[in-house]
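K.L.:
Since chain A is already given, all that's left is putting chain B with the ligands on it; use the hints.
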Amino acid sequence: MSVVPAEVLPGGALAVEERAEEAPAALGPRARLWPSLAAVYRAQLSRARVARIPLLFVATFQSIGIMILMRGVVDGGAAARAVVAGSSVLVVAFVALNLLAQYFGQLRASGGLDHYATLPVPPAAVVLGAAGAYASFTVPGTVVVAVFGCVLFGLPLAHLWVLVAVIPLAGAALAGLGAALGLLAPRPELATLLGQLGMSAALLLGVLPEDRMPGVVQFARDLLPSTYGVEAFARTFGGDPDWAVVLGDLAVCAGVGVASLAVATWAYRRAAVR
Amino acid sequence: MCVHRAPRAMVRSWDPVGSCLVSTRTEHGSRHGRDVVCAVRGLTKTYPAVRARRGVPATPEVRANDQVGLQVRRGEIFGLLGPNGAGKSTLVRQLTGLMRPDDGTVEILGHDIVRHPERAARILAYLGQESTALDDLTVSLAAETTGRLRGLDVRQARDERDAVLEELGLTDLAPRPIRKLSGGQRRLACFAAALVGERPLLVLDEPTTGMDPVARRAVWAAVDRRRAERGTTVLLVTHNVIEAETVLDRVAVLDKGRVIACDTPAGLKEKVAGEVRVDLVWRERAPLDVPEVAALRSRAVESGRRWTLRLAPEEARAVVATVTGGAAFVALDDFTLATPSLEDVYLALGGNGQGLVKA
Ligand SMILES: Nc1ncnc2c1ncn2[C@@H]1O[C@H](COP(=O)(O)OP(=O)(O)OP(=O)(O)O)[C@@H](O)[C@H]1O
Ligand SMILES: [Mg+2]
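Sequence order for the protein chains is A and B. Using our numbering, the first residue of the first sequence is number 36, and each one after it goes up by one. Using our numbering, the first residue of the second sequence is number 7, and each one after it goes up by one.
It is possible that part of the hints are untrue.
Residues from chain B that face chain A, not an exhaustive set, calculated with beta carbons under 10 angstroms [what the hints assert, rightly or not]: (1) T102; (2) G103; (3) L104; (4) A131; (5) G134; (6) Q135; (7) A148; (8) T152; (9) A163; (10) A199; (11) R205; (12) P206; (13) V209.
Calculated from the model, a selection of chain B residues having no Cβ within reach of chain A, i.e. all distances over 12 angstroms [as the list claims (entries may be wrong)]: (14) R231; (15) E281; (16) D285; (17) V296; (18) A300; (19) A301; (20) R311; (21) G332; (22) A337; (23) D339.
These are computed hints drawn from the structure, not numbers from a lab. In this text, a Cβ means the ideal position worked out from N, Cα and C, and glycines have one as well.
Looking at chain A on its own, in the form it has when it is part of the complex (with noise of 0.2 angstroms):
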């Protein structure tokens, strides 16, 4: 039996004139870049706050763990500063990279983007609302890394503060990564390896003196937007931070952060029509 077209159905049949005079109805309203994002933001923080608390004892625990183990191994000085701050970073990375690596892939893998696809949201609400989440999740955790760092190891305390723009910066390029990672990995499993890897990078290039590598390391060293968000944090514990050279480091890391956020939505819009 072949196709039974509904136009010769009984019932069915509808002059096509008729239907070209009309005008197409209107739309519905689009969802706002801004109102969207936050009820994202929200969402995802209110997911995030379920599922995750674990996870950020296991990020801060790791961090604590790694700074002990490099008290015997660094005594003071600019090796110190780099575990202290890379240690702190790494909570970022280990929650907006390799945990939003692993969302995003599931997400994509079980058809759940499908709900974002045919809500008319742009695209940039849905990963900035998501890694906005992420990284907002990682306060807690950055700050006791960091607050047990510097006892740990006798740094200032002053100029903590610097964390507020550290960890929006650096959350924005290392979440960008791990949401773009995410949504681009053809299997999920790829997505979650790649989001470990990226979070072992993270680790390995962060946290170890930099002068200790060798030149390609130091070259990857480089290419890691979490690099220059470590530097700047590290740099605020010297006794007299040279500001100008802190702001050009946060500076490469809010560049890097909007390209990989904008890659990220890129991924996103190529993710979600299939």
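P.N.:
Showing chain B with the ligands alone in chain A's frame:
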């Protein structure tokens, strides 16, 4: 040996859920000018073949939709019926702009969805077959967020959320995470999210899967209310023939990616009018020593102890007389006599009816 239990004769039991629909059915067609909400022509979609990888066997290319043509009219509950893998989800994913067809056109309320897939989100609400995006949210936050992402402001989203949860009887479950609900409750919560932020077209992919009769009734009542008050059109995917018969105005039967028939349920059933279905269930095995029973065997579809026969009414009467008397009756456990259902239509049209659900 004697008969302890008289076989129960049943004339087709009707699903109670659908009955609430009949009263409010109204004709919305011409009142608002546009008669056809969704027109699909020549829609074709082929999933490409996948080469074998380690541990994953190769899959051949699948033509999931083959020259599908449909017209869904305003205010109508239009169904897509077919067994697993018939191509129903593939079809609705192309209508909702989630997937680009290889060929063919989709026009919804005058908008070309193939060329402008992003417009679909502003015309219709879609309930997908799986909805993992909402799993970690509470019922209440899922509904509210979805409303906000449909362009509502905070106040509107909360008001509509409360109204919809109340309407569907979900108020008590509102603070619970969707992941922690039962399958049917989860489905109902996702349906609630789909209703927040009004849309003229609802595209629902198996909305009632796993739901009990109370939840189903809530779904159909909510759909029907929107249709009566606002002329909402519904495109519904199902592989449940009872649901199709009771709630749908018109139904397209899909098999292997093609529309093999499209009409009202009653119209489709007329195609096999004059036939009666007789189901015989034997206690242990069919009494083939009874010549009349042995003669029936070639015409029966056997599945375990059940024989299904499609007969002219007078033949059916003769069969019933045979099996309710003498040696055959002793071997009989149960029998049913029923007027044709959509399943019979489906089989008569040449579909393979194995995948259809009758509950
Ligand atoms: N992503 C995919 N890649 C390859 N083949 C697919 C894909 N999705 C579906 N198919 C195939 O396309 C055909 C139609 O699938 P579809 O999901 O549209 O069926 P369906 O009618 O919705 O079935 P069900 O009742 O089980 O939901 C099936 O043969 C299926 O195996
Ligand atoms: Mg399906």
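K.L.:
Against this structure, judge whether each hint is valid.
P.N.:
Quick rundown of the hints versus the structure:
| no. | hint | result |
| --- | --- | --- |
| 1 | T102 | holds, 5 angstroms |
| 2 | G103 | holds, 7 angstroms |
| 3 | L104 | holds, 6 angstroms |
| 4 | A131 | holds, 8 angstroms |
| 5 | G134 | holds, 5 angstroms |
| 6 | Q135 | holds, 8 angstroms |
| 7 | A148 | holds, 8 angstroms |
| 8 | T152 | holds, 7 angstroms |
| 9 | A163 | holds, 8 angstroms |
| 10 | A199 | holds, 8 angstroms |
| 11 | R205 | holds, 6 angstroms |
| 12 | P206 | holds, 7 angstroms |
| 13 | V209 | holds, 8 angstroms |
| 14 | R231 | holds, 20 angstroms |
| 15 | E281 | holds, 18 angstroms |
| 16 | D285 | holds, 26 angstroms |
| 17 | V296 | holds, 37 angstroms |
| 18 | A300 | holds, 33 angstroms |
| 19 | A301 | holds, 30 angstroms |
| 20 | R311 | holds, 32 angstroms |
| 21 | G332 | holds, 41 angstroms |
| 22 | A337 | holds, 38 angstroms |
| 23 | D339 | holds, 36 angstroms |
The structure meets every hint from the earlier list without exception.
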